[in-house]
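Asker: The primary structure of each chain is shown beneath.
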Amino acid sequence: MRRLATIVAICAWGAAAAAAAPVASGAVREYWVAAVPTTWNMIPNGRDAITGTTYDTAQSVFPTVVYRRYTRGWKHPLFNNPTQGGNQDLIPGPLLQARTGDRYVIHFKNRDSAFRRPHSMHFHGVHYKPSSDGAYVPGFSGGDADVKYGKTWTYRLTAGRDSRGVWPYHDHSPSMDDSIAGGMYGMLSILGRHEAAPDREFVVVFAEMGAFQTIDGRAFVGNTPVFTSKVGQLVQWDVMAMGSEHHTFHVHGHRWIAPDGTPRDTQTVGPAESFRIRWREEDPGTWLYHCHVEQHMMQGMIGTYHVTRA
Amino acid sequence: MRRLATIVAICAWGAAAAAAAPVASGAVREYWVAAVPTTWNMIPNGRDAITGTTYDTAQSVFPTVVYRRYTRGWKHPLFNNPTQGGNQDLIPGPLLQARTGDRYVIHFKNRDSAFRRPHSMHFHGVHYKPSSDGAYVPGFSGGDADVKYGKTWTYRLTAGRDSRGVWPYHDHSPSMDDSIAGGMYGMLSILGRHEAAPDREFVVVFAEMGAFQTIDGRAFVGNTPVFTSKVGQLVQWDVMAMGSEHHTFHVHGHRWIAPDGTPRDTQTVGPAESFRIRWREEDPGTWLYHCHVEQHMMQGMIGTYHVTRA
Amino acid sequence: MRRLATIVAICAWGAAAAAAAPVASGAVREYWVAAVPTTWNMIPNGRDAITGTTYDTAQSVFPTVVYRRYTRGWKHPLFNNPTQGGNQDLIPGPLLQARTGDRYVIHFKNRDSAFRRPHSMHFHGVHYKPSSDGAYVPGFSGGDADVKYGKTWTYRLTAGRDSRGVWPYHDHSPSMDDSIAGGMYGMLSILGRHEAAPDREFVVVFAEMGAFQTIDGRAFVGNTPVFTSKVGQLVQWDVMAMGSEHHTFHVHGHRWIAPDGTPRDTQTVGPAESFRIRWREEDPGTWLYHCHVEQHMMQGMIGTYHVTRA
Chain A
1 MRRLATIVAI CAWGAAAAAA APVASGAVRE YWVAAVPTTW NMIPNGRDAI TGTTYDTAQS
61 VFPTVVYRRY TRGWKHPLFN NPTQGGNQDL IPGPLLQART GDRYVIHFKN RDSAFRRPHS
121 MHFHGVHYKP SSDGAYVPGF SGGDADVKYG KTWTYRLTAG RDSRGVWPYH DHSPSMDDSI
181 AGGMYGMLSI LGRHEAAPDR EFVVVFAEMG AFQTIDGRAF VGNTPVFTSK VGQLVQWDVM
241 AMGSEHHTFH VHGHRWIAPD GTPRDTQTVG PAESFRIRWR EEDPGTWLYH CHVEQHMMQG
301 MIGTYHVTRA
Chain B
1 MRRLATIVAI CAWGAAAAAA APVASGAVRE YWVAAVPTTW NMIPNGRDAI TGTTYDTAQS
61 VFPTVVYRRY TRGWKHPLFN NPTQGGNQDL IPGPLLQART GDRYVIHFKN RDSAFRRPHS
121 MHFHGVHYKP SSDGAYVPGF SGGDADVKYG KTWTYRLTAG RDSRGVWPYH DHSPSMDDSI
181 AGGMYGMLSI LGRHEAAPDR EFVVVFAEMG AFQTIDGRAF VGNTPVFTSK VGQLVQWDVM
241 AMGSEHHTFH VHGHRWIAPD GTPRDTQTVG PAESFRIRWR EEDPGTWLYH CHVEQHMMQG
301 MIGTYHVTRA
Chain C
1 MRRLATIVAI CAWGAAAAAA APVASGAVRE YWVAAVPTTW NMIPNGRDAI TGTTYDTAQS
61 VFPTVVYRRY TRGWKHPLFN NPTQGGNQDL IPGPLLQART GDRYVIHFKN RDSAFRRPHS
121 MHFHGVHYKP SSDGAYVPGF SGGDADVKYG KTWTYRLTAG RDSRGVWPYH DHSPSMDDSI
181 AGGMYGMLSI LGRHEAAPDR EFVVVFAEMG AFQTIDGRAF VGNTPVFTSK VGQLVQWDVM
241 AMGSEHHTFH VHGHRWIAPD GTPRDTQTVG PAESFRIRWR EEDPGTWLYH CHVEQHMMQG
301 MIGTYHVTRA
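Chains as they are written, first to last, in this note's numbering: chain A, 1 to 310; chain B, 1 to 310; chain C, 1 to 310.
In case anyone wonders, no lab produced these hints; they're calculated from the structure.
Be a bit skeptical, because a hint or two may be false.
[As the list claims (entries may be wrong)] Listed next, the in silico DSS-like pairs over lysine-lysine satisfying Cα-Cα at most 25 Å (straight line): (1) B/K75 - B/K151; (2) C/K230 - B/K129; (3) C/K129 - A/K230.
[Stated by the list, open to error] Simulated DEER-style distance windows between Cβ atoms: (4) A/V61 - C/H306: 55 to 63 Å; (5) A/G210 - B/D199: 56 to 64 Å; (6) A/G192 - C/N45: 19 to 27 Å; (7) A/T39 - C/G160: 44 to 52 Å; (8) B/T53 - C/I257: 40 to 48 Å; (9) C/T51 - B/A114: 19 to 27 Å.
[To be verified] From the structure, some residues in chain B lie toward chain A, with a derived Cβ separation under 8 Å: (10) R47; (11) A49; (12) H246; (13) H250; (14) H252; (15) T262; (16) P263; (17) D265; (18) T268; (19) G285; (20) L288; (21) H292; (22) V293; (23) Q295; (24) M298.
Glycine included, C-beta positions come from ideal geometry on N, C-alpha and C.
The task is simple: from the sequences and hints, build the whole structure.
Answerer: Structure follows, in structure tokens:
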């Protein structure tokens with residue numbers, strides 16, 4: 001996996017563009033994704049930098065299944081989010097980028113050789129037929145919702161005008177509970193047809209994971225993603241939550257104008273809710289971003305954001 | 001009660017219109033409601049269709065008190081929401097429909113012969129004097145807030161311009177805790193003066209009930225309301241929560257534009273919060289709607305929505 | 001402390017104005033604040049007026065540290081919010097009032113002789129350099145985030161155009177957990193440059209405190225703030241939450257138009273979220289305001305609002 005890191009450090013936006021086959025109303029965004037077993041460490045450096053508490057691997061490491069991006073035909077594994085600041089690893093799954101008017105073709109393969117559970121992908125925010133819903137309901141759902149080990153499914157989605165924004169995707173198969181608890185989730189990021197792409201795009205997924213509260217599968221400053229930007233850059237935060245708890249997203253030293261026109265610096269996000277925030281960066285420094293639910297902060301839901309002068 | 005079902009299958013909208021006495025600025029919406037004992041079954045078919053888990057009646061049935069709609073003078077019981085898709089039964093209470101500019105006259109009678117507790121009705125979103133508040137505060141509140149067994153109270157409310165939308169009502173008497181836990185809640189639905197009425201209106205109340213998480217008092221697909229519509233219809237979802245927990249409302253395969261202009265498909269709703277969502281239906285299929293708090297889904301807060309071709 | 005109460009009953013707005021040194025783009029709002037030990041009683045009258053339950057001081061009194069406003073140079077203690085209806089005492093800290101374009105200079109001194117913990121002030125919604133962030137991160141933060149007993153720090157903040165509204169401040173030092181649990185929080189209230197000041201401004205902080213759910217550090221009707229206004233007055237509610245729980249703010253007999261144009265009377269507020277609500281009062285009576293999370297109401301998060309005729 002480490003060797004691959006250097007090979008596949010291609011731009012996520014570039015990769016999406018390369019995969020696009022132009023059509024009348026937009027591009028086709030084709031992705032190859034598999035459910036793959038991995039051994040995940042929530043706290044790679046073994047400590048909470050703020051309190052000094054240490055954790056051993058018996059507390060922080062567990063076997064799980066995650067979404068992983070691949071090249072065409074699932075030939076070669078890719079890092080999920082190679083160019084983004086922060087965690088370039090396997091949780092969350094690949095950031096699925098498009099513009100309104102585009103279509104997504106998502107090829108999914110169940111390679112869960114560890115647990116041999118069924119898996120699926122269920123997408124928020126986009127248009128699709130029931131056969132691309134990916135949600136298990138006996139008597140109604142089909143192969144999209146219950147992809148067995150070794151099998152594949154292709155999900156066909158359309159980014160409508162009302163799909164602009166950021167959205168969750170996640171397992172909604174019979175193994176949903178265990179799979180989401182283990183990190184099987186990711187985001188779609190859909191820009192308007194002619195909207196400026198951000199210079200920096202940060203994916204923040206709040207989710208409980210065992211005894212910890214994680215951001216992108218990691219707990220505590222020094223383990224959670226370190227996001228970076230330069231003064232003058234257009235930065236975008238893609239925020240969502242998964243699991244069973246409500247959170248409040250906060251960034252120090254910054255504010256944004258909510259869609260209703262109100263200045264904010266803290267925003268509730270419940271399970272499967274999602275929002276994006278943008279600003280033109282002008283505040284150099286090392287800033288905290290975190291869930292402001294105090295118990296969640298203390299259980300690891302906090303990270304740092306570094307802004308340097310241009 | 002079963003015999004009455006066939007007799008009273010009148011249109012809720014029609015009933016409200018029939019009761020209206022025109023006044024200068026709007027109609028008078030008169031309702032007759034009683035608190036009545038019943039035996040409630042949260043899981044009538046005894047099973048969770050998704051996991052296959054079965055539940056016996058010792059787990060799902062309990063004696064309780066609910067709001068029930070009546071004809072004038074509490075002469076004959078009516079089904080609470082006869083024409084709506086889904087649960088036409090006793091939880092939630094009757095959907096109290098009006099337009100801005102209308103006045104409500106709600107005649108309430110405590111027929112709680114089972115527990116002989118005091119009861120009341122407290123309404124959100126509307127204008128009223130303290131004597132129609134229905135909330136118990138010793139030293140301040142009056143007969144509106146503490147209607148004893150066998151007694152009555154008439155609540156007088158006005159739907160102002162700032163009452164447009166959907167709102168909760170619920171018991172706020174000294175028995176509030178037990179009564180809300182037992183299902184004593186319902187909704188007001190107030191259209192703008194000249195606003196189009198929806199073709200289909202679905203009432204979704206999220207509330208914990210014992211060990212289960214319920215929608216309109218029912219748990220698990222097959223027990224919760226089955227909402228239905230046809231392509232081309234204007235559908236409206238009236239969503240609220242009661243109790244002590246925050247939820248996130250999600251419908252599969254659909255999105256809506258929030259009042260702030262943002263596309264959404266998942267929305268937090270906390271206790272006594274409420275919102276309505278509308279769309280012109282265009283996606284045939286069987287779709288899930290549910291609370292996206294995972295533990296709540298697993299405890300029953302999930303149902304199906306069937307859209308057929310016109 | 002009681003003797004001081006009569007001496008310092010000056011207008012909070014007047015005090016802020018008196019302290020202002022005019023500058024090109026706005027005023028300088030200078031405040032002197034200290035962390036001071038106190039003995040706090042969450043339920044001074046020893047009872048829940050609604051249920052009649054009584055509580056003894058062993059359950060409701062505890063030693064803690066709070067923010068207290070002082071005159072220049074920390075010479076004389078002031079009441080935190082002398083002219084506001086309700087709790088004029090030490091929780092929350094002083095309401096830090098300004099207008100967009102103003103600068104704040106907040107002089108903070110750690111006088112925590114009881115616990116000798118480090119303390120700090122971290123402010124939401126305003127612009128500042130990392131040296132005024134007040135949030136402890138080993139290896140990054142400085143003296144602003146870890147003010148030792150007997151030491152001082154001056155925080156320099158700017159109220160930008162995007163700072164309009166109400167915002168939390170709180171301890172973010174290494175003692176953050178204990179300090180917030182003990183009441184070390186308060187609010188900033190920032191009006192637009194030419195915006196009308198309200199006639200009445202009510203500060204509502206929802207926070208768990210031991211076994212109770214408090215408003216401004218107090219539990220149950222008769223202990224929580226009693227807010228008052230007259231018909232015709234412009235009233236403003238400044239609402240925030242601290243701690244680890246989500247709440248829903250509700251006022252009886254009133255509604256407001258949310259910034260997205262939607263009428264509301266109940267609004268979710270999670271930890272460190274904040275919003276302000278305004279209306280021109282027109283409904284005389286004694287009304288309840290409370291968190292609508294039922295368990296929180298039952299644990300004390302409820303108070304009364306008295307409106308008299310002009």
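Asker: With reference to the structure, classify each hint as holding or not holding.
Answerer: Against the structure, the hints come out as follows:
1. B/K75 - B/K151: 15 Å, holds
2. C/K230 - B/K129: Holds. C/K230 to B/K129 sits at ~16 Å (cutoff 25 Å).
3. C/K129 - A/K230: Distance ~16 Å between C/K129 and A/K230 Cα, so the pair holds.
4. A/V61 - C/H306: 55 to 63 Å: This hint holds: roughly 58 Å between Cβ atoms.
5. A/G210 - B/D199: 56 to 64 Å: 47 Å, violated
6. A/G192 - C/N45: 19 to 27 Å: Check failed, 57 Å falls outside 19 to 27 Å.
7. A/T39 - C/G160: 44 to 52 Å: 46 Å, holds
8. B/T53 - C/I257: 40 to 48 Å: Roughly 45 Å apart at Cβ, these two residues keep to the hinted range, so it holds.
9. C/T51 - B/A114: 19 to 27 Å: For C/T51 and B/A114 the Cβ distance comes to about 22 Å; the hint holds.
10. R47: Cβ of B/R47 sits 11 Å from chain A, so the hint is violated.
11. A49: 6 Å, holds
12. H246: 5 Å, holds
13. H250: Nearest chain A Cβ about 6 Å off; hint holds.
14. H252: 6 Å, holds
15. T262: Where the cut-off is 8 Å and the nearest Cβ of chain A is about 5 Å from B/T262, the hint holds.
16. P263: Holds. Min distance 4 Å.
17. D265: 5 Å, holds
18. T268: It holds, given that the least Cβ distance between B/T268 and chain A is near 4 Å, below 8 Å.
19. G285: 4 Å, holds
20. L288: Interface hint status for B/L288: holds (6 Å vs cutoff 8 Å).
21. H292: 4 Å, holds
22. V293: 5 Å, holds
23. Q295: 4 Å, holds
24. M298: Holds - the Cβ of B/M298 comes within 8 Å of chain A, reaching about 7 Å at its closest.
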